[in-house]
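Read off the chains here:
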Amino acid sequence: MTDFRIRKHPILPIPQRKSITFYWQGTALEAQEGETISAALFANGIRTFGHHPHDGAPQGIFCANGQCAQCMVIADGRPVKSCMELVKPDMQVMPLNGLPVLPDVNEPIEMKPIPQLDVPVLIIGGGPAGLSAAIELGKLGIHAVLLDDKHRLGGKLVLQTHRFFGSTNAVFAGTRGIDIATRLEKEVRKYPSIDVWTQSTALAVFSDQRVGVLKNGEDYILVKPQTLLVACGAREKFLTFKGNTLPGVYGAGAFQTLVNRDLVRPAEKLFIVGGGNVGLIAAYHALQAGIGVVGLVEALPECGGYKVHKDKIVRMGVPIYTSHTVLSANGTDRVESVTIAKVDSNFKPIPGTERSFECDSLLIAVGLDPVNEFYLKAKEFGMTALVAGDAEEIAEASAAIFSGKIKGLETARSLGYEIGEIPASWYRTGEILKSKPGKVTSEQLPEVRTGVVPVIHCVQEIPCDPCSALCPHGLIDINNRDIRSIPQFIGNSYCCEVCERCVAGCPGLAITLVDYRSNPEKPLVSIPYEFTRETIKATDVVTVLDTEGEPLGDLEVYSIHSIPSSDRTLVVQVEAPIDIANRIAGIRIQETTITQPMDEYVDHVTDDVIVCRCERVTAGQIRSLIRQGYRDINEIKTVTRAGMGACGGKTCTSIIHRLFREEGIPVDEIVESTKRPIFVEVPLSAFAGEDRKES
Amino acid sequence: MTSNTHYDVIIIGAGSVGTPTALYLARAGYQVLVLDFGASVGQGSNKKAIGGIRATHSDPAKVRLCQRSIEIFSTWKETYGDDIEWYQGGYCFVAYRDREEKILKDLCEKQRKDYHLNINWYDSLDLLKMIPDLNPNGLIGGTFSPEDGSISPLLAVHSFYTNAHQAGAKFQFHEPVKSLIIENGKVIGVTTPQGTYYADIIINAGGPWSREVGAMGGVNIEVHPDSHEAAITEGVAHFLDPMIVDIRPAEGSSNFYFYQHLTGQIIFCITPNPPAWGMDQRETSNFLPMVTRRMLEVMPKLKNIRVRRTWRGLYPMTPDGFPIIGWAREVDNFLQVTGMCGQGLMLGPGTAELVVRIVQGNTTPEDEEILSITSPYRDFGGQEMLK
Numbered sequence: 103m104t105d106f107r108i109r110k111h112p113i114l115p116i117p118q119r120k121s122i123t124f125y126w127q128g129t130a131l132e133a134q135e136g137e138t139i140s141a142a143l144f145a146n147g148i149r150t151f152g153h154h155p156h157d158g159a160p161q162g163i164f165c166a167n168g169q170c171a172q173c174m175v176i177a178d179g180r181p182v183k184s185c186m187e188l189v190k191p192d193m194q195v196m197p198l199n200g201l202p203v204l205p206d207v208n209e210p211i212e213m214k215p216i217p218q219l220d221v222p223v224l225i226i227g228g229g230p231a232g233l234s235a236a237i238e239l240g241k242l243g244i245h246a247v248l249l250d251d252k253h254r255l256g257g258k259l260v261l262q263t264h265r266f267f268g269s270t271n272a273v274f275a276g277t278r279g280i281d282i283a284t285r286l287e288k289e290v291r292k293y294p295s296i297d298v299w300t301q302s303t304a305l306a307v308f309s310d311q312r313v314g315v316l317k318n319g320e321d322y323i324l325v326k327p328q329t330l331l332v333a334c335g336a337r338e339k340f341l342t343f344k345g346n347t348l349p350g351v352y353g354a355g356a357f358q359t360l361v362n363r364d365l366v367r368p369a370e371k372l373f374i375v376g377g378g379n380v381g382l383i384a385a386y387h388a389l390q391a392g393i394g395v396v397g398l399v400e401a402l403p404e405c406g407g408y409k410v411h412k413d414k415i416v417r418m419g420v421p422i423y424t425s426h427t428v429l430s431a432n433g434t435d436r437v438e439s440v441t442i443a444k445v446d447s448n449f450k451p452i453p454g455t456e457r458s459f460e461c462d463s464l465l466i467a468v469g470l471d472p473v474n475e476f477y478l479k480a481k482e483f484g485m486t487a488l489v490a491g492d493a494e495e496i497a498e499a500s501a502a503i504f505s506g507k508i509k510g511l512e513t514a515r516s517l518g519y520e521i522g523e524i525p526a527s528w529y530r531t532g533e534i535l536k537s538k539p540g541k542v543t544s545e546q547l548p549e550v551r552t553g554v555v556p557v558i559h560c561v562q563e564i565p566c567d568p569c570s571a572l573c574p575h576g577l578i579d580i581n582n583r584d585i586r587s588i589p590q591f592i593g594n595s596y597c598c599e600v601c602e603r604c605v606a607g608c609p610g611l612a613i614t615l616v617d618y619r620s621n622p623e624k625p626l627v628s629i630p631y632e633f634t635r636e637t638i639k640a641t642d643v644v645t646v647l648d649t650e651g652e653p654l655g656d657l658e659v660y661s662i663h664s665i666p667s668s669d670r671t672l673v674v675q676v677e678a679p680i681d682i683a684n685r686i687a688g689i690r691i692q693e694t695t696i697t698q699p700m701d702e703y704v705d706h707v708t709d710d711v712i713v714c715r716c717e718r719v720t721a722g723q724i725r726s727l728i729r730q731g732y733r734d735i736n737e738i739k740t741v742t743r744a745g746m747g748a749c750g751g752k753t754c755t756s757i758i759h760r761l762f763r764e765e766g767i768p769v770d771e772i773v774e775s776t777k778r779p780i781f782v783e784v785p786l787s788a789f790a791g792e793d794r795k796e797s
Numbered sequence: 002m003t004s005n006t007h008y009d010v011i012i013i014g015a016g017s018v019g020t021p022t023a024l025y026l027a028r029a030g031y032q033v034l035v036l037d038f039g040a041s042v043g044q045g046s047n048k049k050a051i052g053g054i055r056a057t058h059s060d061p062a063k064v065r066l067c068q069r070s071i072e073i074f075s076t077w078k079e080t081y082g083d084d085i086e087w088y089q090g091g092y093c094f095v096a097y098r099d100r101e102e103k104i105l106k107d108l109c110e111k112q113r114k115d116y117h118l119n120i121n122w123y124d125s126l127d128l129l130k131m132i133p134d135l136n137p138n139g140l141i142g143g144t145f146s147p148e149d150g151s152i153s154p155l156l157a158v159h160s161f162y163t164n165a166h167q168a169g170a171k172f173q174f175h176e177p178v179k180s181l182i183i184e185n186g187k188v189i190g191v192t193t194p195q196g197t198y199y200a201d202i203i204i205n206a207g208g209p210w211s212r213e214v215g216a217m218g219g220v221n222i223e224v225h226p227d228s229h230e231a232a233i234t235e236g237v238a239h240f241l242d243p244m245i246v247d248i249r250p251a252e253g254s255s256n257f258y259f260y261q262h263l264t265g266q267i268i269f270c271i272t273p274n275p276p277a278w279g280m281d282q283r284e285t286s287n288f289l290p291m292v293t294r295r296m297l298e299v300m301p302k303l304k305n306i307r308v309r310r311t312w313r314g315l316y317p318m319t320p321d322g323f324p325i326i327g328w329a330r331e332v333d334n335f336l337q338v339t340g341m342c343g344q345g346l347m348l349g350p351g352t353a354e355l356v357v358r359i360v361q362g363n364t365t366p367e368d369e370e371i372l373s374i375t376s377p378y379r380d381f382g383g384q385e386m387l388k
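Residue numbers (our numbering), protein chains in the order written: chain W, 103 to 797; chain X, 2 to 388.
Take these hints with a grain of salt, some might be off.
[What the hints assert, rightly or not] The list that follows gives simulated cross-link-like pairs (lysine to any residue, SDA-like), each with its CA atoms no further than 25 angstroms apart:
no.: 1; chain 1: X; residue 1: Lys78; chain 2: X; residue 2: Leu140
no.: 2; chain 1: W; residue 1: Lys541; chain 2: W; residue 2: Leu470
no.: 3; chain 1: X; residue 1: Lys304; chain 2: W; residue 2: Lys339
no.: 4; chain 1: X; residue 1: Lys171; chain 2: W; residue 2: Asp770
no.: 5; chain 1: W; residue 1: Lys777; chain 2: X; residue 2: Ala29
no.: 6; chain 1: W; residue 1: Lys252; chain 2: W; residue 2: Lys317
no.: 7; chain 1: W; residue 1: Lys777; chain 2: X; residue 2: Leu156
no.: 8; chain 1: W; residue 1: Lys214; chain 2: X; residue 2: Leu140
no.: 9; chain 1: X; residue 1: Lys302; chain 2: X; residue 2: Leu140
no.: 10; chain 1: X; residue 1: Lys302; chain 2: W; residue 2: Leu470
no.: 11; chain 1: W; residue 1: Lys481; chain 2: W; residue 2: Val221
no.: 12; chain 1: X; residue 1: Lys130; chain 2: W; residue 2: Gly179
no.: 13; chain 1: W; residue 1: Lys777; chain 2: X; residue 2: Leu140
no.: 14; chain 1: X; residue 1: Lys302; chain 2: W; residue 2: Asp793
[Unchecked claim] Part of the chain W face toward chain X, derived, beta carbon under 8 angstroms:
no.: 15; residue: Ser309
no.: 16; residue: Pro779
no.: 17; residue: Ile780
no.: 18; residue: Pro785
no.: 19; residue: Phe789
[To be verified] To spell it out: a stretch of chain X is covered by chain W in this simulated footprint if at least three of its residues, at any positions, have a beta carbon under 8 angstroms from a beta carbon of chain W; those stretches are:
no.: 20; segment: 335-343
no.: 21; segment: 353-359
For the record, the hints were derived by calculation from the structure and aren't laboratory data. Using N, Cα and C, we set each Cβ at its ideal position, and we do this for glycine too.
Please put together the full structure from these sequences, using the hints given.
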C-alpha cells in the first residue's frame, strides 16, 4: 500500500510520534498519536468519508478548518467533524452515510452554571494580526484574553513554509511564516497580562454585549470585554463548476493544512485554480511535499499574485494557463481528471479549446473574503470593537502583522490608556504592506562578464525588502522610503564576495550569482533551491530556465551546499555557458510528463454545479429563481435551503452574489440574507454546561 | 408615483395570516393586493416560527380554526403539489410534578369532552413506550395528541404565496403602509412611500406591527409584542415523533418545547418569564444556556446533537391570549386579523377561510361563536387555560 505520509520535507521538521491503531469500517489502520481523524484517514489513502443524506454525493475534506461539516464521520458512535477531532487508540471510525444516528444516553447529566467573565480586551483570532495586537497590549500590561480555535497559535502562518515578503524592519520579512508564528507566540506568552486560550472558538456576539466562547473545545463561557478586537482572518471564496464538490476538490487553506500541518499527501497530482499569491504558493508547497502539480489556471490574462511567485513555480515546471477556466472536475467518488478551457474577454469558455488533465485533486484559490461577522454584530450591538488584519481588509500576512500592531495600540487607547500619537509613518507602512503588486519593468540583465555579478530577477514593484538587508556590504539597494521599489545592485563586479546570502535569502528565489572568476567562459551560477537534499546531487543533469521559465539548456550540477545564514534554503551551483549564465534563474523540478493533457478531453455531462455544499443546492436552481425575479437571498434560502446548512452560508453567499452578477442584476436590487449565530455547530451539552469531570 | 388602481381587498402584511388570506380571497374571485415592508414573503415573524401545528387548545375558536388548518396542511401536498414538510408526529405535554399532572389531566378531559379532540393521558410507562428517550426519572406521565404535527413555516408561507400569486393576488414588497385613507367614516385606501391604493376592504394582518396599522384608522388594537428566542440543530436520523412541551415554570422561563422536524433537525424554543416585551429581535446570551439545560433534563439523549443556529422573533400577544379577528367599529371596511399570540402559523389557513366568509358576508353560527371570542372589542379579561 502506498504511504501517504510526508516523511521528508525540505523545511518542516517531521515529528516522531507514537503509532496507534484505529479502525475504519472495522479494518485496523495505523495512526499517529495527536493527529486528527481526517489526517489519519488521509495517511491511509482514504479520502471519501461518507455520502450526503440528500443525494448520496460523496463527502470528504473541504475546509479542514472546522467550519463546514463535509468531513463528518461516526467516531465511537458519535457524529464528529473528522478535521477537528483527534484520533484515539482503538477508535472505531465509520463513514457517515446519510443522517447520523444520535447515540443513546442513559445516565443523568450533571450541569454547572455557565461561567461569565469580564475582561478589558477580548481578541478573537491568534493569527498574525491578533498576536501582534496582543503583544502591544502585553507591553502595556493590559489584560486581554486571546482566543484561537486551533491547537497552536499563528493562524495560517503555521502553514507557510516560504520566506515572507514585506518589510524586514516592520514585519519580519525574509523569515518563514512558520517561524514568524513561533516568534510571535513566544513573545505573546512572555506577557503575563495576556491569557491565551487555544482550541477556543468564538461562537456569537450577543446583544447583551457578551461573547459566547467554546473554551478548550468543550466548555461554554460568556465573556464580556470592554473592547473587542476581531482578528479572525479570512475565508476562501469558492467556485462553481461541474463536479465542484467531489472529494479531492479543496480550498487552498485545507490543502495547506493537510500538507503542512498534518504532514499527509492528500494528492499525487494536483491541479490549481487561481493565480493569486495563495494559489501560487500552494503550488510551491505541493512541490516541496513531493506532490506533482499538473497545472494552474487563471481566468485573467495575467496572474494576480506576485510575479516572483509565478516565475518561481513556472521555472519549477508548473504550466500556467492564463485566460483559462476550469469547466469540470471529473470522477465518480473522487477527482480523476479536470477539464479546462480558454476564456474570451468576457470570461466565457471558448468551445474547441477544452483540454483535460489527469489529476486526483483540484485546489481552489480564487480569493478571500473577510471573516468580519463578529465585528459587524459587535458594532450593531453598540460595543467598542475594532477589526484588524484580513478580517478588515484582505492583504498579505505581513500587512496583518502591522495592522495588528496598530490596532493593538488603538485598543489600548479605547480603554483610556495614554499611548501618545501613533506615528503617521506606521499608517503609511501599513498601507504600503497592503498594496497590490505594481508595475512590471523589463528585466535588465547585467552586461558585465567579469568577476562576480549578482542577477536580480525581480522586476515587479511589490512591498518586499529582505534582499537589501542581506548583503553584508549593503550593495543591494531598495529605496528606503518605499520598499515597493525594485532592488538594484549598486556595486561593481569586484565588490561581491560570494557569501550567497542574497541567493538563499530572497523570498522570491529571484537572485542568482554569476561567478566568472575561475573560468570566464564557463562561469559558475549559484541558484537557490528549497527541496530536500535527496532530490539532487552533484553531477545530476538539470534543466535550467530563465526568469519566466524558458528552458535554456541542460547542465550538470557542480555543487550543492548550504550557507550558515541560509535557514534550509540550499544553493545549487552549475557551470554554465557564458551566453546563458546571467539568464539562468532556476532549475526545473518537475518532469514534463506529468503536465501533459489527456488525448481527449473529458466531457462532464452531469449538471452537478453545486452552490450550497451543505444542502446540495445547484447553480441551476439558483439561476432559475433569479430569472423568475427573486432578489431577496432570504427567499432563495427558503425555497432551496441554500445557506441553511452546517456552515451557515459561509461558502455559498459569495457564489450567490456572483450568480446575481452573471445574471446582470444590479447590486442594489439584491437583499442580503440575515446572518445569525452561531459560528460553528456545537453540541447542545456545551450550552447546558455539562460537567464532564467523571467522563 | 400614484396609482389609482382599485382592489377589492388590500391586505397589510404578507405573513402567516395575510398570505393564506390572500390565497383564499383570490381563489374566491376577489382582486387582492398584499403590501409588506419586507423584501419577500414571511420576512417578519413567519420565518421565526418553529413550525408546530396543533388543534389541542382549550377554547372553541382556536380549536376549530386549527383543526381546519391541520386539514389544509395535511393535504397540502396532494392539493397544491408543494412539499411543506408536514409531519403528523403529535404533541406531548409532559408532567414531572403533581401540579402539571393535574393541569394536563383537567385540560385533557375538557379537550376530549368539549371539543372531541383526539388526546389522551398516558402514565409514564405507556408514555415511555411511545417516546423512549424521555427522561424516566420522575416522569409521571403526559398527554399525547397524535393528530397534531409540524410544517416548515418558510415553505408553507411560500407555497401560500406562489399559489396566491397564481390565483391573481398581487404582492408588493418593500412597501410599508404609512397611512389609511378614510372618507365618510370608511377606510377606502392606503398610502405607501411608493403610491396610493384603493380598496373596498382593508385587512390589518400586521401581526406585531398591527397596533400601529390599527392606529392609522383610529382603532385600538390590543396587540403587545413580546419576543421569544429559538434555535435549530443539525439533522440526525429520525428518533422523535411528537413536539415535547414542558409547562413547568423555572427561573427565567414559564415553559419550553422542542420537536424533530422532518429534516431531522431539532427545533426548540422557550417562553421567557417575565416576558420580554417590545420589538427587540437581537439574540441574547441567556437563551441557549437556559433552554438547553431544561431540554437535557427532559431528554438526555439530546446532549450530543449539535446546535446550528439561533434567532429571536416576535409574538403579537393579546392580553387574554386569544386572537383578534373582527371588523373595526371606529371606521367601516377595516377588518382586523391579528394578535395570534405566536400561533399565526397554525391559525393561518383556518383563519384565512374564516376571513373569506366574513368578507363574503356568509359566516356560519360556528363562525359567529369564534368571532365573539376574537372580537377586537371584547374585555380581554379572560385567560386561556394553556397558552
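Hint-by-hint comparison with the structure:
1. For the hint pairing X:Lys78 with X:Leu140, the CA-to-CA distance comes to about 37 angstroms; that exceeds 25 angstroms, so the pair is violated.
2. As the CA atoms of W:Lys541 and W:Leu470 are separated by approximately 23 angstroms, the hinted pair is consistent with the 25 angstroms bound.
3. Only pairs whose Cα atoms come within 25 angstroms are accepted, and X:Lys304 paired with W:Lys339 is rejected, the gap being roughly 33 angstroms.
4. Proximity of X:Lys171 to W:Asp770 is assessed by CA-CA distance (about 23 angstroms); at most 25 angstroms being required, the pair is judged to hold.
5. For the hint pairing W:Lys777 with X:Ala29, the CA-to-CA distance comes to about 39 angstroms; that exceeds 25 angstroms, so the pair is violated.
6. Annotation: proposed proximity of W:Lys252 to W:Lys317 holds, straight-line Cα distance about 11 angstroms (limit 25 angstroms).
7. Proximity of W:Lys777 to X:Leu156 is assessed by CA-CA distance (about 19 angstroms); at most 25 angstroms being required, the pair is judged to hold.
8. Our distance criterion of 25 angstroms between C-alpha atoms is met by W:Lys214 and X:Leu140, whose separation comes to about 23 angstroms.
9. Of the pairs offered as hints, the one joining X:Lys302 and X:Leu140 holds, with about 16 angstroms between alpha carbons and a cut-off of 25 angstroms not exceeded.
10. Taken as a hint, the X:Lys302 and W:Leu470 pair is broken in the structure, with Cα atoms around 39 angstroms apart against an allowance of 25 angstroms.
11. Between W:Lys481 and W:Val221, the direct Cα distance comes to roughly 18 angstroms. Compliance with the 25 angstroms bound is thereby established for this hinted pair.
12. A hinted pair counts as satisfied when its Cα atoms are at most 25 angstroms apart, and X:Lys130 with W:Gly179 qualifies at roughly 24 angstroms.
13. For the given pair, W:Lys777 sits about 39 angstroms from X:Leu140 by alpha-carbon distance, which is inconsistent with the 25 angstroms threshold.
14. Only pairs whose Cα atoms come within 25 angstroms are accepted, and X:Lys302 paired with W:Asp793 is accepted, the gap being roughly 15 angstroms.
15. Hint status for W:Ser309 relative to chain X: holds, with the closest Cβ pair at about 3 angstroms, below 8 angstroms.
16. A hinted interface residue such as W:Pro779 counts as satisfied when its beta carbon comes closer than 8 angstroms to some beta carbon of chain X; here the least separation is about 6 angstroms, so the hint holds.
17. Annotation: W:Ile780 was flagged as interfacial toward chain X, and the flag holds, the nearest CB pair being 6 angstroms apart, inside 8 angstroms.
18. For W:Pro785, the suggested interface contact is upheld, since its CB lies about 5 angstroms from the closest CB of chain X, less than 8 angstroms.
19. For the restraint placing W:Phe789 at the interface with chain X, the shortest Cβ-Cβ distance is roughly 4 angstroms, inside the 8 angstroms limit, so the hint holds.
20. Taking a C-beta to C-beta cut-off of 8 angstroms, the segment 335-343 of chain X contributes 0 residues in contact with chain W, too few for the three needed, and the coverage statement is violated.
21. Against chain W, the segment 353-359 of chain X contributes 0 residues with a C-beta closer than 8 angstroms to a partner C-beta. That does not satisfy the three-residue criterion, and the hint is violated.
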